[in-house]
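With the hints as constraints, model all of the structure from the sequences given.
These protein sequence lines are chains A and B, in that order.
Under UniProt numbering, residues 1 to 268 are what the first sequence spells out, in order.
Under UniProt numbering, residues 1 to 201 are what the second sequence spells out, in order.
No lab work stands behind these hints: they were computed from the structure.
Where hints are given, some of them may not hold.
What the hints assert, rightly or not - SDA-like, lysine to any residue: derived pairs with alpha carbons at most 20 Å apart:
| # | chain 1 | residue 1 | chain 2 | residue 2 |
| --- | --- | --- | --- | --- |
| 1 | B | K199 | A | A239 |
| 2 | A | K249 | A | A239 |
| 3 | A | K243 | B | H70 |
| 4 | A | K47 | B | Y27 |
| 5 | B | K184 | A | F189 |
| 6 | B | K199 | A | F189 |
| 7 | B | K95 | B | D105 |
| 8 | B | K199 | A | K249 |
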Amino acid sequence: MVHQLSLVSTIPHSSYVQTISTLQALTGLTSPQPVSTYTLICKPINKFKPKFVPGKVNQIEQYFMKCITTWDDLDSFDLATPYLSDRVSTSILFNSDSAANTKKIWTLQISDIPIAGKNQTCSAQNIFESTLVHTHTASRKDAGDEKDSGDLDKDSFLQFLEDLGYNSINQFWIKGVRFFHGDIVIEIFKVFVRDDANKDSPSDSIPLKLLDESNGFQIKAFINVPKSTDIDLITQGSAELAKLQDFLKNLIQLEIPDRIFMDSRVQN
Amino acid sequence: MDSLEATRNRLNQVHISLRKLSDQINYNIRFTGKTRLPTYGQFQSQFHVLITQLHSITSILENNQDILDHTNAYPLPLFPTSQHEGLATTLLRKKPLPEVEKWIDEAIEHSKSLNINSQADDEFSQWCSAKIQEIKEDFQFYGFLSTEELEYLETEEGKKEASAKKEAERQREDVEMGVTTGKKALHPNQVLKFMCQGKIE
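Structure below.
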């Protein structure tokens, strides 16, 4: 479990180069760490509704789960150039021959709603994570039937999720860079989603489009504290984030995200 | 520099009090012949002094954290001090070397022989700044262009240049428009909602 203190912001594409150079100067990292992750958002299949007893607070909740793995983009592209047309695509992760029998490291993540409170300097949230190694197996169905030829069985990871009681409802890809400033991690990224409108791409790849069509970058500055009870580290962390916020205020308006939007509980 | 000096003083105080304490203990053992330690009260007061001193050191370190974080101390602990003692002392020497001192003396002597009147210099610079103030009052400033530049803008060439500038500005806006497709950026909250719940509103 980690306790994450975070601030978020967004910048238009045109100020990307300036932001990167500033952060390079600030952190001393000339080549920031590249980030490219693929995330599946999963929702519990069966609804669980405990009997409501008056006077008893219902503590049983169902949560969305994120399954995160790395995404190795085949045709890597430069983030500094604006993504204008359907240039980006990714290889199909599931149900392809190349994906079969490969080991992938998946991180399953469930996050609490951020802590409520007045006069906060940053958003604070508990995140629970578990990492597992999964060997993907996708076996081809018997090609005897003409209709089913080429149709594939469910990928073993999706099957695994289903057995767990989760169903994937959406997916997104993240591409960006990561800076480190003291204990603070600064991530600058774009979010991609599947582009279903684009049909004329090769069959072995998924066309992607930007979630944010205005081509902006998302920025997230965060500190992970090992325990939510470690008040000293949390105060120190929030002070550091506030310092960074003040330092970058003319470049990026780092702000506290609204906790309601970060609620990953399933609304029944 | 001040913070370093303050830290050094405090550390020195701690050193002194620690030595005093150890002297007290040693004295009693050595000269009374009996292994009798100082009384509880003495210990108590010594520790109290030590704690106050350590506390003031930490507060100094904390207050000057920013400066001290960015300060490098030389020589580094890795430097082979015992082998290259001569080099270290030369590098860390604060006073100028004898020959350098000679040069400085020479320069001072030389400047005396030149007979420069520094007071006259100061007076001259003061006169200059006063004169500039005086002249400034004769002008009026509106905008960023001089009269000649404004007149140039009225001519045919000037008009052409201005329209070219406008054109370039428009082109830049067009490019920006192409990149953003004219849409407003998604607020981080919306993106976070998507990342948490898989849907966007």
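Decide if the proposed pair is consistent with the structure: B:K184 and A:F189, CA atoms, cutoff 20 Å inclusive.
17 Å, holds
Please work out if A:K249 and A:A239 have their alpha carbons no farther apart than 20 Å.
Holds: A:K249 and A:A239 sit about 15 Å apart, inside 20 Å.
Would the pair B:K95 and B:D105 pass a check requiring their Cα atoms to be no farther apart than 20 Å?
14 Å, holds
Pairwise hint evaluation, A:F189 against B:K199, where the allowed Cα distance is 20 Å at most
19 Å, holds
Check the hint pairing B:K199 with A:A239 against an upper bound of 20 Å on the C-alpha distance.
33 Å, violated
Taken at face value, is the distance from the CA of B:H70 to the CA of A:K243 at most 20 Å?
16 Å, holds
For the pair supplied as a hint, A:K47 and B:Y27, confirm whether the alpha-carbon distance does not exceed 20 Å.
Violated, at roughly 80 Å.
20 Å limit on alpha-carbon distance, applied to hinted pair B:K199 and A:K249
Roughly 30 Å between the alpha carbons, so the hint for B:K199 and A:K249 is violated.
Going through the hint list in order, the structure does not satisfy hints 1, 4, 8.
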